[in-house]
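Peer 1: Here the structure of chain A is known, so what remains is to put chain B in place on it, guided by the hints.
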Amino acid sequence: MNQPTLPTLILMFPLLSAAVILIMQRSLTLKNVCAYLSVGSAAVCWVISLMLLGAKDDTGTMFSFINVDGFHGLHADIGYIIDQQSRGMLFIVTFIGLLVHWYSLAYMKEDEGKARYFGALSLFMFSMTGIVLANNFAMMFVFWELVGLSSYLLIGHWFEKPAACEAAKKAFLVNRIGDFGFMIGILILWGASNGEISFEGLKGSLGDGHTQGALHSAPGWLITAAALGIFMGAVGKSAQVPLHVWLPDAMEGPTPVSALIHAATMVAAGVYMLVRVGFVIHASETAMEVIAGIGGFTALFAALMAVGQNDIKRILAYSTLSQLGYMVMAVGLGAGEAGMFHLYTHAFFKALLFLGAGAVIYACHHEQDIWKMGGLNKYTPATSITFMIGTAALMGFPFTSGFWSKEAILGAAYDHCGWLFASASITAVLTSFYMTRCVVVTFFGSARSDSARHAHEAPTKMILPLLILAVFAVISGYGFVTGPLQATVPAHEHSNGWVMAVSIAAILVGGGSAFLLYRGKDKDPLNIPLFANKFYIDEIYAVMVEVFQDRLAWLVTALDSIFADGLVARLPAALACRVGKAARSLQSGHLQSYTFALGAGLLLAVYLTVFVMHHAGH
Amino acid sequence: MITLNHYLFVAGLLFAIGLAGVVARRNILVIYMCLEMMLTGANLTLVAFSRFNLHDGLPDYSAQALVFFTITVAAAEVAVGLAIIVALFRTKQSVDVESVTKLQG
Numbered sequence: 029m030n031q032p033t034l035p036t037l038i039l040m041f042p043l044l045s046a047a048v049i050l051i052m053q054r055s056l057t058l059k060n061v062c063a064y065l066s067v068g069s070a071a072v073c074w075v076i077s078l079m080l081l082g083a084k085d086d087t088g089t090m091f092s093f094i095n096v097d098g099f100h101g102l103h104a105d106i107g108y109i110i111d112q113q114s115r116g117m118l119f120i121v122t123f124i125g126l127l128v129h130w131y132s133l134a135y136m137k138e139d140e141g142k143a144r145y146f147g148a149l150s151l152f153m154f155s156m157t158g159i160v161l162a163n164n165f166a167m168m169f170v171f172w173e174l175v176g177l178s179s180y181l182l183i184g185h186w187f188e189k190p191a192a193c194e195a196a197k198k199a200f201l202v203n204r205i206g207d208f209g210f211m212i213g214i215l216i217l218w219g220a221s222n223g224e225i226s227f228e229g230l231k232g233s234l235g236d237g238h239t240q241g242a243l244h245s246a247p248g249w250l251i252t253a254a255a256l257g258i259f260m261g262a263v264g265k266s267a268q269v270p271l272h273v274w275l276p277d278a279m280e281g282p283t284p285v286s287a288l289i290h291a292a293t294m295v296a297a298g299v300y301m302l303v304r305v306g307f308v309i310h311a312s313e314t315a316m317e318v319i320a321g322i323g324g325f326t327a328l329f330a331a332l333m334a335v336g337q338n339d340i341k342r343i344l345a346y347s348t349l350s351q352l353g354y355m356v357m358a359v360g361l362g363a364g365e366a367g368m369f370h371l372y373t374h375a376f377f378k379a380l381l382f383l384g385a386g387a388v389i390y391a392c393h394h395e396q397d398i399w400k401m402g403g404l405n406k407y408t409p410a411t412s413i414t415f416m417i418g419t420a421a422l423m424g425f426p427f428t429s430g431f432w433s434k435e436a437i438l439g440a441a442y443d444h445c446g447w448l449f450a451s452a453s454i455t456a457v458l459t460s461f462y463m464t465r466c467v468v469v470t471f472f473g474s475a476r477s478d479s480a481r482h483a484h485e486a487p488t489k490m491i492l493p494l495l496i497l498a499v500f501a502v503i504s505g506y507g508f509v510t511g512p513l514q515a516t517v518p519a520h521e522h523s524n525g526w527v528m529a530v531s532i533a534a535i536l537v538g539g540g541s542a543f544l545l546y547r548g549k550d551k552d553p554l555n556i557p558l559f560a561n562k563f564y565i566d567e568i569y570a571v572m573v574e575v576f577q578d579r580l581a582w583l584v585t586a587l588d589s590i591f592a593d594g595l596v597a598r599l600p601a602a603l604a605c606r607v608g609k610a611a612r613s614l615q616s617g618h619l620q621s622y623t624f625a626l627g628a629g630l631l632l633a634v635y636l637t638v639f640v641m642h643h644a645g646h
Numbered sequence: 449m450i451t452l453n454h455y456l457f458v459a460g461l462l463f464a465i466g467l468a469g470v471v472a473r474r475n476i477l478v479i480y481m482c483l484e485m486m487l488t489g490a491n492l493t494l495v496a497f498s499r500f501n502l503h504d505g506l507p508d509y510s511a512q513a514l515v516f517f518t519i520t521v522a523a524a525e526v527a528v529g530l531a532i533i534v535a536l537f538r539t540k541q542s543v544d545v546e547s548v549t550k551l552q553g
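Each protein sequence line maps, in turn, to chains A and B.
Position 319 of the first sequence, counted from 1, bears residue number 347 in the working numbering, the numbering being contiguous throughout.
Position 10 of the second sequence, counted from 1, bears residue number 458 in the working numbering, the numbering being contiguous throughout.
Don't read these hints as lab results, they were simulated from the structure.
Do not rely on the hints blindly, as some may be mistaken.
DSSO-like mimics (lysine-lysine), calculated; alpha carbons at most 30 Å apart, straight line [unchecked claim]: (1) 406(A) with 549(A); (2) 551(A) with 189(A); (3) 540(B) with 609(A); (4) 189(A) with 137(A); (5) 550(B) with 609(A); (6) 549(A) with 400(A).
Residues from chain A that keep clear of chain B, each with C-beta distances beyond 10 Å, as calculated [what the hints assert, rightly or not]: (7) 365; (8) 474; (9) 541; (10) 636; (11) 639.
We treat Cβ as the ideally placed atom computed from N, Cα and C, and that holds for glycine.
Same shape as in the complex, but just chain B:
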């Protein structure tokens, strides 16, 4: 049987891989994609909980609605984030995150 724990495990895995990618990758666009992956993990958690915690035989639709919100916000955030990355590229001429060290103290 596929239980809640299986879904949670997969979602956690997604989140962890995303986090690892954010910390360890050098290309800023790849970091961004891993960030999205973390969001996906969170969404999957929400849906899993909605499907497995049944109220009177029906799933908890509020969680699924929240997933829609999350996806929308993620999309908006991508727009803004990509704009920042483009601006950064214009100054640095590189997508290497190692080149952004102006704040080094």
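Same shape as in the complex, but just chain A:
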């Protein structure tokens, strides 16, 4: 197949599937057809991504979308870019996507809205592929928003639950705030480079030593502003502080959705984008520092909050926040490849953990509180073992994939900034702590409730993806895997002994203390309300929004009643009424008034004709 068709196919197949499902979704008999159609399209996309792994680097246009010349001009097209980064990312997206689709066949088997779910999943695959393939900012922004929409649809899948609707709205709105900054960043770049919006064009305009364009001579503060604006998009999408509040609430959606969107792919889109436009970020020292700082802070902050959580999905959500913080920190430290590497390994083990959590929830009859589980080692061995493998990879256990990627990030922190290294190390200790806590409370000991006592292993359709992901969680860090899968791996310079020692120490300290503290306990010995209540940030935001909104609403009401209501609406209406009333008095219906008016008019005509015009004529 020639080059332009493969990317077009991988983009359009899920869209086609979503469109067909949209038409068929109301039919009660065709629900399973919709599900299989979606899984089929995911499989086809995966196969295409495998084919693309061997293709050569390419970039081109699929459809020309906007072509406006003139002042600055705007040439935005739906195009594609195939390079190492996008090939690797496409593999992850389609592979994990396929596994999640397969898993969902079992998890959502008895769900009423199955067709709607698979339609939204297909829409998500389309949107995410669009972000990965995007070769210009306009296309990326469009698909960025589409991904946000798919996320909204999927989080709010069980829309009869008010909590799910609230969570979906929250996710979308918080994302929009980030997108506002993103848009501003894009517009600054577009303006400063005199009309360039594609990544190639902007890179050339910024100057890579050979060529330079308008962007090269733009003032430093402008580039910083653009970089920070673009980073805001990543803050929203990848849930960094302060826009992290949507991710834990997004756990209201079905667990496979959490695995695919809120762990492996969508939230990673922010990191992917930052690495893709790295040339802009690297041009501004301030932006780099801000990004690294926010990333490091998010990692630590989220890890602290995770320690106080009791819902298995929330623990994993905060863990995702923390790991995303690591990735963003790596980008800010100039180690974008380390960030992408961690994204890649994280995708596998986090998806594994979430799907495992889904299996656990399924086994315990939809119980999500870890303090009501326990002893699942006996009842659900396969889920147990795979979950523990995932946890090991997350903690950075030696010889798992997570070890290599985490070490790369810690190494970058060690090389560039002492504070961030310290913070990242503490985060690593906390990560080991809360994950071991989760595993010990959920799987070890004895069952704490009936639903745990009657737990049974999940069906094969759900276990198979877990096994596959567990294998990848271990091996994906090694060269024989990263090579063919085109993962971005940082050059292994020197394995810093100090970094390795710290990382292993973190595992021992964190994991060991959690094991000792939680083994055999029936309720949480630690009770830190600050962490458990998420540092009260949600409450603070609620107050802020309320205050701000009240003031703004008062102002707008005042302006509205004076201008829009009074000047534009009521004044003309009153005038029309008055004039109308005056004119109405002419139509009295009284015969003699009409006659009088006739007579008066006649008199006036005679006067004018005889005495005025006659004289004027002569």
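Peer 2: Frame of chain A; chain B shown alone:
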């Protein structure tokens, strides 16, 4: 001497009184009579002009012929008008012109 102006004055007076009656009276038949009075004023004007603007010692008979036309048309108009008034009376049961206010807006 009785000049043209005397006749014109009387005719004008007739017309004015007729107009006043049309505007100010309430009984529709009285209004109608005043209307006829206005026509009479016009006729008198015509005859006066015919009698006082002599062509070779003889009056201008075309004006007097026009007066005949006017009287005839007035008669026809009275027939039609009275028919309307009778129809109006049938619906309103009153000859008061104040009761005809359907067109009030």
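Peer 1: For every hint, state whether the structure bears it out.
Peer 2: Evaluation of the provided hints:
1. 406(A) with 549(A): 18 Å, holds
2. 551(A) with 189(A): Between residue 551(A) and residue 189(A) the Cα gap is close to 28 Å, so the pair holds against 30 Å.
3. 540(B) with 609(A): At roughly 28 Å apart (the allowed maximum being 30 Å), residue 609(A) and residue 540(B) satisfy the hint.
4. 189(A) with 137(A): Cα-Cα ~19 Å, so holds.
5. 550(B) with 609(A): The hint holds at about 18 Å.
6. 549(A) with 400(A): With Cα atoms ~12 Å apart, residue 549(A) and residue 400(A) stay inside 30 Å; holds.
7. 365: At roughly 84 Å from the nearest Cβ of chain B, residue 365(A) sits farther out than 10 Å, so the non-interface label holds.
8. 474: Its Cβ never comes within 10 Å of chain B, the nearest being 91 Å, so this holds.
9. 541: For residue 541(A), whose nearest Cβ neighbour in chain B is about 92 Å away, the distance exceeds 10 Å, so it holds.
10. 636: 19 Å, holds
11. 639: Since the minimum Cβ distance to chain B is about 16 Å, residue 639(A) lies beyond 10 Å and the statement holds.
In terms of the numbered hints stated before, the structure departs from none.
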